[in-house]
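*Asks:* Chain residues, written in single-letter form:
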Amino acid sequence: MILVWLIGILMGGGIAALLLGQWNRILPRWISLYTVLAGFLGIISFWIDHYPITQFSNKWLVQYRSDWIPNFGITFHLAVDGLSLLLLALTFFIGLLAIVCSWTDVKERVGFYHFNLLWILAGICGVFMALDLFLFYFFWEVMLIPMYFLIGIWGSENRVYAAYKFFIFTQASGLLMLLSILGLYFIHASSTGIYTFNYLELLGTAIPEETQYWLMLGFLIAFVVKLPIVPFHSWLPDAHAEAPTAGSLILAGLLLKTGAYGILRFVLPLFPAASEQFAPIAMLLGVIGIVYGALMAFSQTDLKRLVAYTSVSHMGFVMLGIFAFNELALQGVVMQLITHAISTGALFIMAGMLKERLHTRDIDQMGGLWKQMPYMGAVGMLFAMASLGLPGLGNFIAEFLVLLGAFKANVWLTIIAALGLIFSAIYSLRIVQKVFLGSYQKDQPVQDLAWRETLILASLIISIVWLGLYPQPVINTAKPMVIYIEKIFAAESTAQSQQDSSILVPLETSKQNKKGTYVSK
Amino acid sequence: MNNLLWLIPALPLLGFLVLSLAGKSLPKSIIALIGAGSVSLSAMISILIGLNFLNHPPTEGFISQTLWTWIEIGNFKPEITFLLDPLSLVFVFVITFIGGLIHIYSAGFMKGDKDYSRFFASMNLFVFSMLVLVLADNLLLLYLGWEGVGLCSYLLIGFWYENPQNGYAARKAFIMTRVGDTAMAIALFMIFSQFGSLLIPEILAQAPQVFQKGDSTITVIALLLLAGGLGKSAQLPLQNWLPDAMAGPSPVSALIHAATMVTAGVYLIARMHVIFELSPIAQITVAIIGAATLLIAGFSACTQYDIKRVLAYSTISQIGYMFLALGLGAWTAAIFHFMVHAFFKALLFLAAGAIIEALHHEHNMFKMGGLKNKMPVIFWTFLIGSASLAALPLISAGFYSKDPILWYAWSAEKGHMILWAIALLGAFVTAAYTCRMVIVTFWGTSKTEMGQMPGSLMTTPLLVLAFFSVVAGFIELPHNFAHFTLFSDFLRPVLPEITMGNETQPEWIFQLMASLATFGGIYISWQLYSKKPLLIPKLKQSSLVATLYQFWFSGWGFDVLYNTIFVKPITYISNINKNDVVDRLYAGISFITVKLYRSLSYTQSGSLRWYAMGLLLGAIIILTIQIVT
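Protein chains in written order, with the working numbering: chain V, 1 to 521; chain C, 522 to 1150.
These aren't lab readings, by the way, just hints derived from the structure by calculation. A portion of the hints provided could be inaccurate.
Said to hold, decoys possible - Cut-off 27 Å, straight-line C-alpha distance, at most; resulting in silico cross-link-like pairs (BS3-like, lysine-lysine):
| # | chain 1 | residue 1 | chain 2 | residue 2 |
| --- | --- | --- | --- | --- |
| 1 | C | Lys-1053 | C | Lys-893 |
| 2 | C | Lys-935 | C | Lys-734 |
| 3 | V | Lys-442 | V | Lys-371 |
| 4 | V | Lys-434 | C | Lys-1089 |
| 5 | C | Lys-545 | V | Lys-371 |
| 6 | V | Lys-434 | C | Lys-1099 |
| 7 | C | Lys-895 | C | Lys-1053 |
| 8 | V | Lys-408 | C | Lys-598 |
| 9 | V | Lys-434 | C | Lys-635 |
| 10 | V | Lys-355 | C | Lys-1089 |
| 11 | C | Lys-632 | C | Lys-549 |
| 12 | C | Lys-888 | C | Lys-1052 |
| 13 | C | Lys-632 | C | Lys-888 |
| 14 | C | Lys-598 | V | Lys-59 |
| 15 | V | Lys-442 | C | Lys-635 |
| 16 | C | Lys-1052 | C | Lys-893 |
| 17 | V | Lys-434 | V | Lys-371 |
| 18 | V | Lys-434 | C | Lys-545 |
| 19 | C | Lys-968 | C | Lys-888 |
| 20 | V | Lys-371 | C | Lys-549 |
| 21 | C | Lys-632 | C | Lys-545 |
| 22 | C | Lys-968 | C | Lys-1061 |
| 23 | C | Lys-1099 | V | Lys-355 |
| 24 | V | Lys-355 | V | Lys-442 |
| 25 | C | Lys-888 | C | Lys-1059 |
| 26 | C | Lys-734 | V | Lys-408 |
| 27 | C | Lys-635 | V | Lys-371 |
| 28 | C | Lys-968 | C | Lys-1059 |
| 29 | V | Lys-355 | V | Lys-371 |
| 30 | C | Lys-1052 | C | Lys-895 |
| 31 | V | Lys-371 | C | Lys-632 |
| 32 | C | Lys-888 | C | Lys-1053 |
| 33 | C | Lys-545 | V | Lys-442 |
| 34 | V | Lys-408 | V | Lys-487 |
| 35 | V | Lys-487 | C | Lys-598 |
| 36 | V | Lys-107 | V | Lys-434 |
| 37 | C | Lys-549 | C | Lys-635 |
| 38 | C | Lys-888 | C | Lys-1061 |
Build the full structure now, drawing on both the sequences and the hints.
*Replies:* Have a look at this one:
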């Protein structure tokens, strides 16, 4: 029931903020703060309660299931395992920061703003919990539309263009996913006679090889556009640059993660054979993303665009790690999802703070700010170091594990990916140099961090250092899911090699039903 | 006693944390006390633990202390564990002891700087990172220290950030060493995939069983580790960040060159010596790179004006000697030279810093001159340091540490006449540029007015270092003197003995040759810079000499080379694609869509004649199709 509550309070809080925002401009932000805070405390206490068993449990920690549209086999089925739990905790954490960092920023249509913010979070939570494909698609759309408004209404100069671009990219790719969902639905029905959208029942559907590949691609494209992976990334710099700070924070911190989550939860378990077949291309795309994103980041002069391209580079590691299919790389992926949200989120928040003070995002017009605001300079330095993967900070663990795991899967691609470590140093140091170092060019004094800003950044610093020095809680929580995926593909590759070595075996026996041990009904 | 081990790195870390969080609100005296005090305290603890180690050697040969498990995923289980064995003890001693002296000196040196607390915070972090590097029991933790050292060098080289030039030098240092670091990271991946562990003792124990000597996999691993070492230790071809690293305050240079950072590569190779011994190709590569670097850097040092750049090139050159020794398998000789070098190089940098400070930030030594009588303490200590650098026979520590390397270069199993000849030529060049530096700085006429003289906070560390620059040599004497090998005996449990070649010449011949080289170098410099000062300008008039001089001066053109083949192409590609060519594709799609709908919307013109025309045309086309088919 807690799962329904999590979504419910967000949606309810959003509506309350919208309605009360008509009368009072202060009230909506307090409503959303308390709403998200309640959700955050709820999910954290849930995590603490269940932490002792997360590591060993091989099933869902909690489920909620009821019928929704029984005629079509659509259920309202939510469930949480370690991976979902981590991402939910992240969602509420980032959500909280998003609200605090737009505390005084937003002055127009405050009620509607907070409505959108909370509904995006509700959509994201739904995505991380839904176990019914129809429901999943529903939440996928729920997070899209409010985001469109958030960029289009509260963004900067070029906001309408960016909002359209964001909407069309995600919507078009989402439709491909819908087609694949329907395809899977009908194939399952034709082989078993049961019409269902339920993920657990669809798992292990026997799909002809060719069809499986296309269905997999439908899902995958929706997810890699969100991630994003080169060449589907070009909505990201625009959306990031134009969105308000809270929007960029949620985009980078959470929306991108839904793509990775989708691949982990749906693409790999539903289509293991096709995923394995596609893996080399996927890893290559990941590596291209790493290098291309870094190169692009190096030449940008708009701070938010620059950080957006670093996201492209970092998400390349996610793609590389996912398709390496082994425990180390997958743990690295989970870490990367969390640490990237924190480090890139921090960079976006700081870009927002700089814009507030200097009224520009152009790094050529900055410089020498360390002298004016040493504390912000130090924080900026720390997160630039996180972004370049300095050991001791969370991002290092993530990238190192991904590379360590990917090395087993593909030596040469991993070596090229490791060059990303050099590139990330180049662009990260460029940020620090251009913004904080050098000499200060303007006369007007600039305020260093205010207490509200200190609070936000301090919480991010504590998180990133904690993840860098003691990541074990995250690793333990994600462990069952990660091992589950590793097992699927271990089975897949042995099945593959058996198939290769014994061509004479009748077709029926080699097409075994690959049902994971993870499933529990 | 031994469970205080964790305090050695923890104290500087604590200093860093306190200074970076509260440094702004503390008075300078308290900042200095925290900054220098934390490192000095860990120096004391390491001396106590070291004495305890000597008196009651632990039965396993090392002390270790586990703080917590860092990561645990399947069999990948790196811990935060510190391991102290004789090799790391030597490094810990040098880092904390010399580091502590440098910190005390800095308390005086930096007292006029407005960013006093930031300076000490970064210095403490530097010492912490280096201590983690040498105390790590697994390669991942070592890598943490390794990268931390890179970060701190970046912070400190660019300490005076308002000058963009310093920021450039800082980034150059970070990025060039990161190239090496990345190679090392790949080595770590390979090691993990081969051994299933990153635990150093386990790797060293397993390597000889898993691999045959000369196996190509182990060669690749060794070469990648070497690449990591080349970056940090500023060896060919990743050496040219170090001369620019002079942009930082002088104590920083002392710390980078003596106690931390550049010796990391030496440590890594010595630590992983089993892997290098399994790969003759990698090992001879180490030796060749060391030999080439020591010579290249030596020639460059001869042409510099900036006193700190001379010292920087001399560091590259001396580390070259250490690499040469490592390549020959003379592990303990390399570590011995590291320790001796740490003393005299810290001394030289700190003394140079004092001179520069007294002469109102004048770096050009040809504008110094005549300081012999004006700054007697600095003069004498600098002279002692220089004697050690030039390896003045018998009385200087540098002689005792460098002489064995020269001898092994010829007579070790892996030695070769050419390696020896290069090393000997290097010794000659070293003596020449050292003597040149001393002459133009301290003799002749005074050319710049003196400012404030260094206080006792700065001179005391110099005296201590000068004492050790002489005495440190006597703990390991050549075989043909008294057979006194305290240092190598101490390291013996960790580092194996060198294998000598079949025919060995008597050592005294080599000592004599080395001494002659030293004196030859000194004589040449004395002639050129003191006796016949007009000779050099005359020589420079010939274009060949001038070109060569310029070539050496610019560090053999490596900056230009790397700019042309790496920096410029990458910047170019990145800049022409600033607007992202991929986005053109989508812009194209939307452009075509708009065009299509525009052209289709023309058809809906509202004009009856056009519609009638359309009807007619359509009818004709349909009819035609009907008739034709």
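*Asks:* Verify the proposed pairing of V/Lys-355 with V/Lys-442, using a straight-line Cα cut of 27 Å.
*Replies:* 15 Å, holds
*Asks:* Holds or violated: V/Lys-434 and C/Lys-545, Cα atoms, limit 27 Å.
*Replies:* 24 Å, holds
*Asks:* Straight-line Cα separation of V/Lys-434 and C/Lys-1099 no greater than 27 Å?
*Replies:* Holds - the C-alpha atoms of C/Lys-1099 and V/Lys-434 are around 17 Å apart, at most 27 Å.
*Asks:* Given the hint that V/Lys-442 pairs with V/Lys-371, does the C-alpha gap stay at or below 27 Å?
*Replies:* Measuring from Cα to Cα gives roughly 12 Å; hence the hint holds.
*Asks:* Between V/Lys-355 and V/Lys-371, does the CA-CA distance stay at or below 27 Å?
*Replies:* 18 Å, holds
*Asks:* CA of C/Lys-968 to CA of C/Lys-1061, is that 27 Å or under?
*Replies:* 23 Å, holds
*Asks:* With the threshold set at 27 Å, check whether the alpha-carbon distance from C/Lys-632 to C/Lys-888 stays at or below it.
*Replies:* Roughly 25 Å separates the two Cα atoms, so the pair holds.
*Asks:* Compare the distance between the alpha carbons of C/Lys-545 and V/Lys-371 with 27 Å, and conclude whether the hinted pair is satisfied.
*Replies:* Holds, at roughly 13 Å.
*Asks:* Run the distance test for C/Lys-632 versus C/Lys-549: straight-line Cα separation, threshold 27 Å.
*Replies:* Holds, at roughly 8 Å.
*Asks:* Next pair to validate is V/Lys-371 with C/Lys-549; report whether the Cα-Cα distance is within 27 Å.
*Replies:* 19 Å, holds
*Asks:* C/Lys-545 and V/Lys-442: Cα distance at most 27 Å?
*Replies:* Roughly 24 Å between the alpha carbons, so the hint for C/Lys-545 and V/Lys-442 holds.
*Asks:* Holds or violated: C/Lys-1052 and C/Lys-895, Cα atoms, limit 27 Å.
*Replies:* Given pair C/Lys-1052, C/Lys-895 holds - Cα atoms ~22 Å apart, limit 27 Å.
Hints 10 and 36 from the earlier list are contradicted by this structure; the remaining hints agree with it.
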